[in-house]
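Heads up: the protein sequence lines correspond to chains A and B, in order.
Here the first sequence stands for residues 7 to 259, where the numbers follow my numbering.
Here the second sequence stands for residues 38 to 978, where the numbers follow my numbering.
Calculated directly from the structure, the hints in this document are not laboratory data.
Be aware that one or more of the hints could be misleading.
[As the list claims (entries may be wrong)] Computed list of lysine-lysine pairs in DSSO-like fashion (alpha-carbon distance at most 27 Å, straight line):
#: 1; chain 1: A; residue 1: K220; chain 2: B; residue 2: K235
#: 2; chain 1: B; residue 1: K383; chain 2: A; residue 2: K86
#: 3; chain 1: A; residue 1: K249; chain 2: B; residue 2: K383
#: 4; chain 1: A; residue 1: K249; chain 2: B; residue 2: K947
#: 5; chain 1: A; residue 1: K86; chain 2: B; residue 2: K143
[Claimed, not checked] Here are some chain B residues the structure puts well away from chain A; computed CB gaps all over 10 Å:
#: 6; residue: K74
#: 7; residue: D416
#: 8; residue: T867
#: 9; residue: S879
#: 10; residue: K975
From the three backbone atoms N, C-alpha and C, an ideal C-beta is built for every residue, glycine too.
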Amino acid sequence: MTQLPPPSAKKLGLVIDLDTCVGCHACVVSCKGWNTENYGVPLSDQNPYGADPSGTFLNRVHSYEVQPEQGAAQLIHFPKSCLHCEDAPCVTVCPTGASYKRVEDGIVLVNESDCIGCGLCAWACPYGARELDAAAGVMKKCTLCVDRIYNENLPEEDRQPACVRTCPAGARHFGDLGDENSAVSKLVADRGGFDLMPEQGTKPVNKYLPPRPKDVEPEYDILAPYLEPIAQDGKGFAAWLDKTLSALPGGTK
Amino acid sequence: MSLDQPQLDTSPFVSDEVRKTTCYMCACRCGINVHMKGGKVAYIEGNKDHPVNQGVLCAKGSAGIMQHNAPSRLRAPLRRVGPRGSGEFKEISWEEALTLATDWLKPIREKHPEKLAFFTGRDQSQSFTSFWAQGFGTPNYAAHGGFCSVNMAAAGIYTMGGAFWEFGQPDWDHTKLFMLFGVAEDHDSNPIKIGIGKIKARGARMIGVNPIRTGYNAVADDWVGITPGTDGLFILAMVHCLMKAGKVDLDYLARFTNAAVLVNQDASSDQFGLFLRDADGQPQVIDRRTGKLAPWNGQGVEPDLAATHMVKGITHRPVFHLMADRYLSDTYAPEAVAERCGIPAKRIRAIAADLARVAFDEAIELDRAWTDFRGIRHDKMVGRPVSFHAMRGISAHSNGFQTCRALHTLQIILGAVETPGGMRFKPPYPKPATAHPKPHGKVTPGAALDGPHLGYPHGPEDLLLDPDGNPTRIDKAFSWENPMSAHGLMHMVISNAHAGVPYKIDTLFMYMANMSWNSSMNVGGVHKMLTDTDENGDYVIPRIIYSDAYSSEMVAYADLILPDTTYLERHDCISLLDRPICEADGVADAIRWPVVEPDRDVRGFQSVLCELGARLGLPGFVNADGSQKYRDYADYITNHIRRPGVGPLAGFRNADGSGKGRGDVNPDQLQNYIDNGGFWIEHVPENAAYYKPFSNEYQAWAVKMGFYDVEQPYIFQLYVEPLRKFQAAAEGIGTRQPPDHLRGQIKKTMDPLPIWYPPFEDGHVDPEEYPIHALTQRPMAMYHSWGTQNAWLRQIHGHNPLYLPTKIWAANGFKDGDWARVTSAHGSITVPVAHQASLNESTVWTWNAIGKRKGAWALDEKAPEATKGFLLNHLIHELLPPRGDGLRWANSDPVTGQAAWFDLRVKIEKSATPNEAQPVMPAIKSPVAKGPDSMTWKVGK
């Protein structure tokens with residue numbers, strides 16, 4: 007089995023805002039595009055034009071319906087990829103050392119040349135975040151775009167994961183969650199960011215920001231005065247017009 | 038195992054080169070960076086400098102690489118060899134193809150140019166294709182707006198000089214309350230997502246009004262699950278509440294709208310309902326300074342919203358009085374509309390109150406001075422930070438035009454258009470109806486049409502009718518059936534051509550329009566029309582030419598196929614003369630250019646038109662010596678001059694590239710665009726950034742930029758006088774009279790002030806028998822994209838069950854995996870169903886255009902899109918069911934002709950599970966090979 011390094015000071019990860027994610031799948035496809043062309047073997051597709059197309063994706067968006075006790079049902083879009091856990095069971099379960107957690111920034115990676123495609127890591131991951139590529143027989147997972155975030159061949163502003171760079175709604179944030187003063191750490195603190203399935207004890211680095219309360223019953227008493235009818239004295243239209251127009255600067259006449 | 042980490046190169050090679058062009062995966066037209074490796078497309082990302090997407094890119098855009106390499110790409114010109122609809126073709130050369138097209142079209146032009154119907158679907162080069170059609174001389178040209186969102190566009194132009202998307206956007210940086218009506222994904226795809234992200238980050242509030250809670254509506258703070266077709270009623274109820282409480286921006290209404298314009302109130306006058314005008318034709322108001330009549334635009338005039346005026350015994354009242362008469366009525370009280378809208382009265386009031394609270398209690402001010410067209414100086418820009426956006430959801434109904442008008446009225450009475458925090462126009466908009474062309478349709482054999490096809494009629498005199506009163510266009514646009522059909526009616530072309538009404542045509546020429554599938558109502562019927570033969574065995578529609586880049590369902594129904602390139606292999610211009618990409622703070626245009634050359638015998642459609650135009654000798658396409666004027670589309674983009682100093686591209690004009698907006702031809706213009714990232718933008722001066730229709734600063738800048746040649750400030754038209762002119766004609770006034778059977782409809786629907794009436798289908802089918810509303814949306818990952826053959830996107834959205842609300846699900850005892858038979862007055866389909874709780878209780882829906890025909894798009898015939906996928910189109914007919922009056926009424930908006938897709942009513946019953954979704958259409962033979970069984974796509978080494 008493979009050992010985890012001592013926790014790194016720098017903990018790179020994603021903060022995903024479930025209040026803002028519109029479920030557009032932009033992150034899914036941008037990730038597919040970058041990682042097909044870059045890190046390791048391409049993300050393959052089987053029967054891409056056939057009856058049962060399936061392919062390798064490192065990031066997928068799931069949608070869940072939630073029925074609150076009161077009020078209308080809600081739909082939550084939930085993007086999911088590797089959470090780069092501090093206690094990553096996918097690493098410790100790896101029989102070859104192919105799965106590892108980087109000492110310098112905590113990113114969990116697969117060294118494909120050592121991967122035998124046994125699938126133990128995917129079995130160990132409670133989040134279902136790893137996918138065995140059917141064409142290459144090696145395990146694929148989110149790399150946090152390790153080949154982008156430090157890449158000196160990219161302009162500095164582009165040194166972020168492809169999914170973050172492309173997210174149209176700005177629902178994905180990348181940064182150092184080990185630094186409590188980082189923008190992502192502050193976001194987590196401000197918005198009550200949470201761990202996914204904390205009971206699993208994996209200590210995920212990635213955090214999710216919860217959806218804000220929806221369909222909150224309006225404060226009718228406070229709002230009612232805004233629609234107080236202007237003319238209530240029975241004089242009808244003429245009175246209404248007169249009173250309405252008296253609101254104009256300088257009156258009506 | 039050890040803790041040794043493998044050596045990792047964290048700065049790997051990225052690409053040889055980045056080529057910046059414009060996306061075409063939908064109508065949004067984002068800037069993209071195309072990373073090249075070894076001459077091949079390796080990766081596509083958003084362009085950070087681009088005004089539309091500012092670096093982000095949606096799923097479609099990132100999947101462009103799969104579209105560009107799709108196995109469904111056509112490979113060479115094709116000539117039909119089997120019967121129409123069979124898909125049997127032979128490949129021919131371009132010379133043969135162009136000779137054939139010329140041989141077909143030349144005789145038509147010489148004798149009966151109208152016998153060519155040229156309709157261009159999802160065309161992004163309409164200023165060019167319409168110029169070609171105008172040169173040909175046929176009146177029969179339009180793109181797909183008539184079956185998309187013309188209600189929104191026309192209502193916006195007539196009311197305030199622009200609507201949403203290309204015309205305007207919420208002031209995302211300042212708005213505090215954003216209300217979204219009936220939008221699933223829709224046009225303006227990335228900008229809306231960016232905007233929602235901005236308001237979410239600021240903690241501003243968003244209300245979604247939609248029968249379906251998905252996508253944007255899923256993240257809205259409040260969801261209003263309205264009953265389809267009742268948006269106008271809901272909006273007018275809020276107008277009622279706001280007016281009754283006096284929560285309207287009176288100063289704004291008086292100064293910047295026609296609320297103070299005087300209207301003739303003598304029902305016996307032939308001027309009844311028309312504006313009081315002076316000798317110069319200017320509408321009159323009472324000037325509060327003098328109490329006397331004054332033109333609306335007189336210097337220093339302060340229009341009076343209250344004063345009436347008597348002329349020769351005839352009372353004239355300001356528009357504001359008429360609005361009060363109508364909207365203060367209890368007809369529009371929340372209690373009166375609640376049940377019909379499916380929204381409790383209390384909730385309607387709460388939303389109206391919230392609009393009032395934010396607009397007036399949370400008003401914002403920008404310290405920017407500006408001067409209005411009456412010469413009055415304003416020290417500040419005062420904003421009402423409530424904003425709205427809407428698109429197809431409210432417009433694709435037979436009451437859509439008036440509903441869109443109602444929404445604009447709500448925006449305007451709150452003072453929330455072109456003010457900070459409200460809605461902002463995108464230059465070259467705003468542009469009132471009076472600044473647009475009128476429709477033209479005068480045919481002269483062998484010569485050009487008398488002017489641009491599409492435009493905005495201002496009264497019956499502008500209709501395109503022959504001396505007998507019959508429509509002169511094949512789609513009956515600009516006729517009494519739909520007088521303000523500003524985008525034409527592409528969806529009526531095939532059925533009218535087949536019926537020979539108003540006349541028979543010879544050649545149907547279409548581009549990028551899947552009219553034999555998801556873009557037509559009554560799909561099976563359309564197949565019959567396209568393949569029907571006359572008594573001689575000839576096709577009723579004699580010839581069909583079609584251009585597409587892909588093996589779409591339409592290909593099989595054409596006689597000649599002109600294969601187009603992919604969007605990465607072509608030149609295009611996203612022109613200010615057309616449907617521009619501008620943003621509220623800047624005027625912008627953009628290009629596409631061949632970042633790779635085609636590896637097939639295909640040509641950009643616009644370049645083909647340059648050559649075909651020359652072969653036909655069309656004016657504008659030949660030099661004086663008869664030779665071809667434009668080598669290709671790139672040549673046209675660079676050298677065409679529309680008006681002095683104004684060409685297809687506004688940037689980098691003059692030989693040295695210095696010209697902005699206006700200037701001479703620049704031979705290096707395209708290279709200048711490429712060097713600038715594929716686009717050009719010029720920012721609006723700060724003091725002209727708001728109040729654009731009324732601002733001297735903006736008007737001067739607009740003329741300088743070449744949007745128009747003289748300053749033309751205007752006021753918003755709460756009361757649309759041209760509507761009244763059509764209504765007056767229906768009442769018997771004037772010499773140009775509608776046929777009797779249309780009088781009632783015109784009187785009722787062409788009201789100069791917004792109204793609501795039930796969707797027409799409600800009056801033609803029994804709502805008791807068909808109690809359920811059926812809608813479609815396109816998924817965000819596919820909106821407006823061309824086909825679902827994209828290998829990556831189809832893994833995300835390859836199935837489209839019909840989603841049922843809890844009430845219907847439970848009432849029928851449905852379980853997961855069940856199928857249902859869905860029946861409308863027109864037809865029946867049997868389809869898989871799924872449960873969704875977050876739905877209006879009487880609404881069902883599915884993803885549109887997932888369903889594919891077997892044999893199309895290079896997909897396996899067992900692909901789920903072809904076996905379980907389905908279209909609601911089978912349930913919708915272009916005509917409403919007969920109702921015993923001996924007439925067949927169009928299933929469209931009576932004002933604009935917009936296809937009323939969302940009026941559909943159905944009933945649902947549980948069905949045995951069939952092998953495939955019903956109806957099953959026979960497979961068509963594919964003109965291209967099937968796609969590969971597996972794919973490991975990586976172009977780099």
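Quick rundown of the hints versus the structure:
1. The hinted pair formed by A/K220 and B/K235 meets the criterion: a straight-line CA distance of about 18 Å does not exceed 27 Å.
2. With a C-alpha separation of about 39 Å, the suggested pairing of B/K383 with A/K86 is violated against the 27 Å cut-off.
3. Distance hint between A/K249 and B/K383 is fulfilled; the C-alpha atoms sit about 25 Å from each other, no more than 27 Å.
4. Restraint check: the Cα-Cα separation between A/K249 and B/K947 comes to about 59 Å, which exceeds 27 Å; the hinted pair is violated.
5. Straight-line distance between C-alpha atoms of A/K86 and B/K143 comes to about 59 Å, which puts the hinted pair past the 27 Å bound.
6. The Cβ of B/K74 sits about 8 Å from the closest Cβ of chain A, inside the 10 Å cut-off, so the non-interface label is violated.
7. For B/D416, the requirement that its beta carbon stay farther than 10 Å from each beta carbon of chain A is met, with the minimum near 14 Å.
8. With a minimum CB-CB distance of about 20 Å to chain A, B/T867 clears the 10 Å threshold, and the non-interface call stands.
9. Taking the minimum C-beta to C-beta distance to chain A, about 15 Å, the non-interface status of B/S879 holds against the 10 Å cut.
10. Non-interface status of B/K975 relative to chain A is broken: a Cβ of that chain comes within 10 Å, the nearest being about 4 Å off.
Checked against the numbered hints listed earlier, the structure breaks hints 2, 4, 5, 6, 10; every other hint is satisfied.
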